[in-house]
Structure formats: C-alpha cells, structure tokens
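Asks: Listed below, chain by chain, are the residues.
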Amino acid sequence: MSPVIRKKGESFTLPSKYLLFILTVICCVAMLLTFGTDFFNIPLNTAAGYIIVPFQQGISSAGEWLSNRSDELSQIRQLLDENARLKEQVDALTSENTVLQQERYELIRLRELMEMKDKYSQFETVGARIISRDSSNWYSNFTVDKGQEDGIALDMNVMAGGGLVGRVTSVGPNWAKVTSIISDNSNVSGSVMPSGVNLIVSGDLQLMKDGVIRFSQLLDGDDQVEAGCKVVTSSISDKYLADILIGYIDTISLDANNLTKSGRITPVVDFEHLEEVLIITQLKQQVDEKDAIE
Amino acid sequence: MLRKMVVALMILICFLLQTTVFGWLDFGGIIPNLMIILTASFGFMRGDREGLVIGFFCGLLCDIFYGDILGFYAMIFMYIGFLNGKFCRIFYPEDIKLPLALIVSSDLTYGLTCYILLFLLQGKFEFISYLTDVMLPEAIYTIVVTLLLYPVILKINSGLEAREKRSAQIFV
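Chains as they are written, first to last, in the numbering used here: chain V, 91 to 384; chain W, 144 to 315.
Please keep in mind that the hints were generated in silico from the structure rather than gathered at the bench. For every residue, glycine included, the Cβ atom is placed at its ideal position computed from N, Cα and C. Please note that the accuracy of each hint is not assured.
[Said to hold, decoys possible] Short, incomplete list of chain W residues facing chain V, as computed with Cβ under 8 Å:
id, residue
1, Phe158
2, Gly172
3, Ile173
4, Leu213
[Unchecked claim] According to the in silico footprint, chain V covers these stretches of chain W (three or more CB under 8 Å from chain V):
id, segment
5, 178 to 191
6, 198 to 207
7, 220 to 234
8, 267 to 275
Can you build the whole structure from these sequences, using the hints too?
Replies: Written out as structure tokens, the structure reads:
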C-alpha cells in the first residue's frame with residue numbers, strides 16, 4: 091500500500107516525514123553549493139535587501155535614538171568629571187602637538203624625498219550605519235545600510251574610531267554584512283609596530299566578553315615585543331590593507347613549543363557601542379595566479 | 144491563505160525584533176532566540192508538518208543574513224520544528240509548563256548543535272565555558288521572552304483556528 095494516502099474530496103498532502111526528507115536534501119544541496127560557489131547569493135541577497143532591510147533601517151534608527159537618550163542621561167555626571175580631566179590633558183597635548191607638528195613637516199619632506207607619498211596617503215572611505223546584528227549569539231557580525239549601489243564590494247575593509255573593525259563578507263544591493271575581527275571565525279594577519287614581526291590575530295568567543303582578542307604565531311626570539319606594543323594589519327595580509335591599527339598588546343606568553351608566543355590584544359575599537367563605521371573603498375591588490383607571466 | 148500570510152508576517156517581525164531591537168536590549172552581549180520560540184510553539188501547537196516548514200523558513204532567513212553556508216540554520220531549525228511537532232498530541236492550550244519546557248530544551252538543543260558543528264569540530268573543547276557563557280544565558284533570556292511572546296502566539300493561533308473552523312462549517 092502506498093504511504094501517500096489520498097482520501098476522496100481531500101486535497102493532496104505529502105506526509106511530513108517525506109517533506110522533512112525532501113527539505114533536508116534541499117538543505118544539503120544548498121550547503122554544498124554555497125560551500126564552493128556563490129550561486130544563491132545574488133538573488134537571495136537582492137530579495138532580502140528589498141524585503142527586510144528597509145524595516146531594519148527604520149527600527150534601528152528608532153532604537154538607536156531611544157538608546158542614545160537613555161545613555162545621555164546616565165552619562166552626564168561621568169562626562170563632567172571626564173571633561174575636567176580632559177581639559178588638563180588638552181594643555182599637555184597642545185605643547186606636545188607643536189613638537190609633533192614640526193616633526194611632521196620633517197617627515198613629509200623626507201617622504202617626498204623617498205617618493206613614498208602615495209603609499210601612506212589617506213584611504214577613500216564611505217560612512218555607513220549599523221542596522222542589525224547577528225541573529226545568533228555565536229558570532230559577532232552585523233549588517234550596515236550601504237551596499238552595492240553605494241559602491242561597496244566584497245572584502246572591503248571596515249574601520250571605526252581609527253581602528254580596524256572587520257571586512258565585508260556579503261553584499262546586497264542596499265546592505266552589506268560585516269564580519270568583525272572579534273568574531274570567532276575571523277583571522278587577521280597583523281604585525282607589531284616597532285619591530286615589524288608578524289602575528290595572527292584571531293577572534294575568540296570566550297574572550298569576547300572581556301573585550302580582548304587572541305593573537306598567536308608570534309615569532310619573537312629577541313624578546314622585542316612587550317605589553318603595550320602597537321599591532322597593525324600586516325602588509326602580507328590577503329584581504330586587509332596594510333598599516334590599519336588593530337590594537338595594543340595586553341598580555342604575552344611563550345607557547346609550549348618554546349618558539350612562538352601568544353597572548354591577548356586590546357582592540358582600539360569599542361565593539362560594544364559600535365554605531366557608525368567607515369568602509370574603505372580601496373581593495374587590497376590581489377594576485378591572480380592565472381595572469382602570472384609564465 | 145490567511146494563515147500563511149499571518150505566519151509569514153510573524154516570522155518577519157520576530158526576525159526583525161531579534162536582529163534590531165534585542166540588539167539594544169542585550170544582557171552581556173546575549174540576545175534571546177525568538178526564532179526558536181516561534182518554530183517550537185508552532186511545532187507543538189500545529190503538528191510536525193507546520194513546525195518543520197516554519198522552522199525551515201526561520202532558519203533560511205538567518206542563513207541569508209548571517210549564515211556562512213546557506214541551509215545550515217535552516218536544517219537545524221527544521222528538525223527542531225519537526226521534533227516539537229511530535230508533542231502536538233499532549234499539548235493543551237491551558238497548560239504553560241509543557242510549552243516552556245519544550246522551548247527551553249529546543250533552545251539548548253540548538254545551542255548544543257551549533258557548538259558541536261561550529262566549534263567542537265574546530266577543536267575547541269572548552270564545553271563548560273561555552274555552556275555558561277552562551278547557551279545557558281541565551282536559554283534563560285529566551286524563557287523570559289517566552290513568557291511575554293508565547294501568549295501572543297497562542298492567541299493569534301487560536302484566533303486563526305476559530306476562523307478556519309467557522310469557514311469549514313459554512314461548507315458543511
């Protein structure tokens with residue numbers, strides 16, 4: 091007897107276990123297809139962009155307004171203290187600044203001499219607002235309100251407050267998904283500033299709540315690197331532009347293999363209160379093996 | 144037809160709430176899982192068939208926006224909806240204990256599956272820390288939200304059922 095029973099006068103329905111099986115197969119096929127290709131990305135991203143994103147934009151701007159008002163109230167006292175402290179700091183910094191200004195002119199002059207002006211010139215950026223966050227608690231990704239129509243492309247670097255936030259990993263017509271560097275599935279090649287040694291900065295779910303990120307694979311035989319050293323993106327990174335500030339080394343320890351060191355970095359970006367980000371529209375130069383001259 | 148539209152609207156609203164409003168109302172970076180509440184409650188209220196279809200679409204929405212691999216969350220949510228549907232026979236609308244227990248266990252199952260597939264297979268064995276940092280806080284926050292959201296879902300569902308019954312009687 092056929093398991094698909096059809097009673098008279100009743101419309102045809104598939105038993106749920108068969109439906110489950112069919113949808114499981116569809117999911118598996120979709121997973122396999124998306125693993126290697128971006129076959130579904132374009133139509134689905136476009137559809138999502140027109141159905142969901144407008145709502146997210148509206149709700150998040152209202153939510154942001156409310157959240158800002160409540161923050162403002164609680165922060166007034168704190169800000170008054172901070173203001174007094176900062177005024178003192180301004181005086182100190184002004185004097186320091188004059189010295190630095192002079193040194194800067196010298197630097198520009200020397201750079202012109204070395205014809206390295208272009209390399210260090212400012213990046214072109216586009217400002218974007220965060221409209222929604224990851225629906226799971228496992229990764230810390232977010233969506234911004236700029237997409238392909240605003241010139242955003244895959245793998246563009248994202249900055250905020252002078253530091254690296256992450257990179258664009260998925261683009262729709264009017265939205266883009268950003269994978270942040272504190273997310274567990276993110277790895278960035280970085281280098282420590284004065285000595286130039288390379289390390290790998292990887293996001294970690296366990297450390298996320300402490301506001302730090304993990305680094306590893308630091309080869310530092312001469313003990314040049316210590317806590318407080320500046321970490322920037324390395325020039326050998328595939329996806330990240332060189333010399334974007336990531337953060338400062340917090341703790342450092344020797345690995346069990348006695349060769350490499352690992353530890354924690356305090357990022358300069360405050361990921362907890364991120365609202366606006368800057369997307370660098372310049373992409374890292376890619377090397378295509380196929381185009382290589384044989 | 145009306146049911147399909149209402150359910151689609153509810154999925155959309157829950158997804159929007161989860162990704163925007165609860166992003167501002169997080170406790171220690173943890174947000175509740177409204178999609179699980181929706182999937183599980185339709186599972187045990189309406190049976191495995193509806194549970195799995197709603198789970199599939201809830202998961203697909205998460206996949207499109209935040210999944211790396213399309214179909215991953217869709218599959219997890221689909222099975223959760225299907226398994227919850229198996230409890231349809233012992234579900235009574237007056238009883239709140241069974242729905243709460245089912246939603247919490249669904250959320251923990253979801254957390255456990257995500258941990259195994261996304262973290263354990265990467266060689267991250269600190270299960271206890273993931274349990275106390277992510278899974279349990281999420282489950283607790285989800286219970287709190289369930290107490291508010293579940294009566295609404297129940298009310299909408301009973302409203303729809305009453306309407307369907309009436310229109311069926313017209314034909315008889």
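Asks: Of the numbered hints stated previously, which ones are contradicted by the structure, given in increasing order?
Replies: Violated: none.
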